[in-house]
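Participant: Those protein sequences? They're chains A and B, same order as listed.
Each residue of the first sequence is one higher than the one before, starting from 1 at the first, in full-length UniProt numbering.
Each residue of the second sequence is one higher than the one before, starting from 1 at the first, in full-length UniProt numbering.
Treat the hints with caution; some may be incorrect.
[What the hints assert, rightly or not] Here are the computed lysine-lysine pairs in the DSBU-like style, where the Cα-Cα straight-line distance is at most 35 Å:
#1 Lys142/B <-> Lys38/A
#2 Lys9/B <-> Lys328/B
#3 Lys234/A <-> Lys263/B
#4 Lys263/B <-> Lys328/A
#5 Lys38/B <-> Lys142/B
#6 Lys197/A <-> Lys207/A
#7 Lys295/B <-> Lys263/A
It is worth saying that the hints were derived from the structure and are not from the lab.
Protein chains: 2
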Amino acid sequence: MNKEIHLVKRPEAAPTSEHIQIVEGETPEPKQGEVLVKLLYVSVDPYMRGRMNDTKSYIAPFALNEPMAGGAVAEVVRSEADALQEGDIVTGMLPWKEHSVSQADQLRKIDPSLGPITYSLGILGMPGLTAYFGLMDIGQPKEGETIVVSGAAGAVGSAVVQLGKIAGCRVVGIAGSDEKTSYLKETLEIDETINYKTENVSDALQKACPDGIDVYFDNVGGDISDAVYPLLNKFARIAQCGAIASYNVPNDQGPRMQMHLIKSSALIKGFTVGDYQDRFSEGFQYLSKSLQEGKLSYEETISEGFESIPDAFFGLFTGENLGKQLVKVNEPSQS
Amino acid sequence: MNKEIHLVKRPEAAPTSEHIQIVEGETPEPKQGEVLVKLLYVSVDPYMRGRMNDTKSYIAPFALNEPMAGGAVAEVVRSEADALQEGDIVTGMLPWKEHSVSQADQLRKIDPSLGPITYSLGILGMPGLTAYFGLMDIGQPKEGETIVVSGAAGAVGSAVVQLGKIAGCRVVGIAGSDEKTSYLKETLEIDETINYKTENVSDALQKACPDGIDVYFDNVGGDISDAVYPLLNKFARIAQCGAIASYNVPNDQGPRMQMHLIKSSALIKGFTVGDYQDRFSEGFQYLSKSLQEGKLSYEETISEGFESIPDAFFGLFTGENLGKQLVKVNEPSQS
């Protein structure tokens, strides 16, 4: 039998054990082009809470009495696809099932020589690549410049902060709790932090950026970005990665910002990591090298066992875990 | 004696002869680094009306009982600067005085081989270069793409429209009167026009751009731009040249647009023509060649005589002159 974790009731507030149930199902059979995989690690993330609601968002809701799903690392145990073979370690979006079937082309094979396989869910995965390409290709940081990062303690933001330091820049991080700003200061050795929940962001930015802002890596949009635009230096670059402040606000209004762009001859470029598909190996190499040289720090908290997935997920909303929260479900066969 | 045109009274509505007076003054003497110039042509432009008000704007007001000023072509009659010599034809911002003194480094020497010297006030001057660099460097139009131009009948916009056609694109122009849209259709052979004063811009854009928008050359900002953002194609480019809709609106608010940029991986780049100082000769060569090959059309209306400057200026607000309105004050000595 094959254990699965289902959403059985939609939560009103924080998710608890009444909303999730571990059930047993059949082990599925792969068809042509598909593989059967065994779950090794799953990532539990705050955004999943949104998928438990039955409301329209940028990502579809989970169905009731069906498995939840998320980023995961798995091992191919049977392949009906040419691109993958038994024993391959892969990553992708997978249902929370001990064994599941997936289209081979929806999975990415992991190169274990780059770093621990779990890193493919973070610094050596989409969040790390997002940070790398947004900062390097759009932000183009130069030594001595000032970089501002919103959502600085998140999976993408914390990588941007460190890549900015590697590039020799002054880095200012904006985040939403004192725990997060402490993490930025103590672990990531950022230059300045701003807690947007307790500080006036505009005043704090002016103080933290006496020489203006050259690069803005924006995960949030909204009034935090409104406060950044007037401080842009000539030829500033903005990597527009997210706009979470607007996602759930229909017709979100704010000050028009075109004049700031003209005044500073600044650039804003929206992007998603998929835009850089052709250059992923460049990004992986850079991130892997930086990790091996100790220039990049990456934190994980790893719980053990398939049955502990719900508690690890609930803990996101009560604890103050920093770094990536993972659950180890199985060892890879070959290790 | 040296004739000058002074602002003597600030108009409430349209400027008339009661607001402007021709007076006589001394011919000034150039000091070290300066030149004495004789006015050949002046450009009269609608934006000058704003400088007649005593209100803060993006450009300082004219002083009462002092000469008005604007873009002009002049001839150096005496030089105390190494960079210029007697007989040189120059362009720059000059007071409306038959003879005036200017810092040599505030003037640009015209190369008469590029085209008529009056063109240095338009297509072979800052408006032409603004169109060229904004469209070519930021917009990067590719054959078959759709370009939308706001302020399409203006000095910059009408050049952008034509450069877009030369690049093999479908060009859609937005302007504020039927005279302007007729000019765009009949003289510039644009593909589609939208009169933003009589049409719903959002509906009209959807109809005019069935394949979406690849390049947006934006002279205006405001709600015209709000209507463009949702129609951007993947990897669209926006050259942010002006935002005239916001210039006189303190704290102008509108829909936040970061999500559109992310969705389409689009780019907005603010610029001013001075950003391209090092590449002016490239721009002049391209524009001159396009004019000589008949690919670029450029219209001027030229009045005669220093004393006709006020009437030519007043006429901007009553007539419906298209193309650049100039006044010829003197012949160059060498022609």
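Participant: Hint by hint, note whether the structure agrees.
Facilitator: Structure-based check of each hint:
Only pairs whose Cα atoms come within 35 Å are accepted, and Lys142/B paired with Lys38/A is rejected, the gap being roughly 47 Å. Taking the CA atoms of Lys9/B and Lys328/B, the gap is near 25 Å; set against the 35 Å cutoff, the hint holds. Pair hint Lys234/A plus Lys263/B holds up; C-alpha atoms about 26 Å apart against a cutoff of 35 Å. For a cut-off of 35 Å, the pair hint linking Lys263/B to Lys328/A stands: about 34 Å separates their Cα positions.
Between Lys38/B and Lys142/B, the direct Cα distance comes to roughly 44 Å. Violation of the 35 Å bound is thereby established for this hinted pair. Taking the CA atoms of Lys197/A and Lys207/A, the gap is near 17 Å; set against the 35 Å cutoff, the hint holds. The suggested pairing of Lys295/B with Lys263/A holds, with an alpha-carbon distance near 32 Å, which does not exceed 35 Å.
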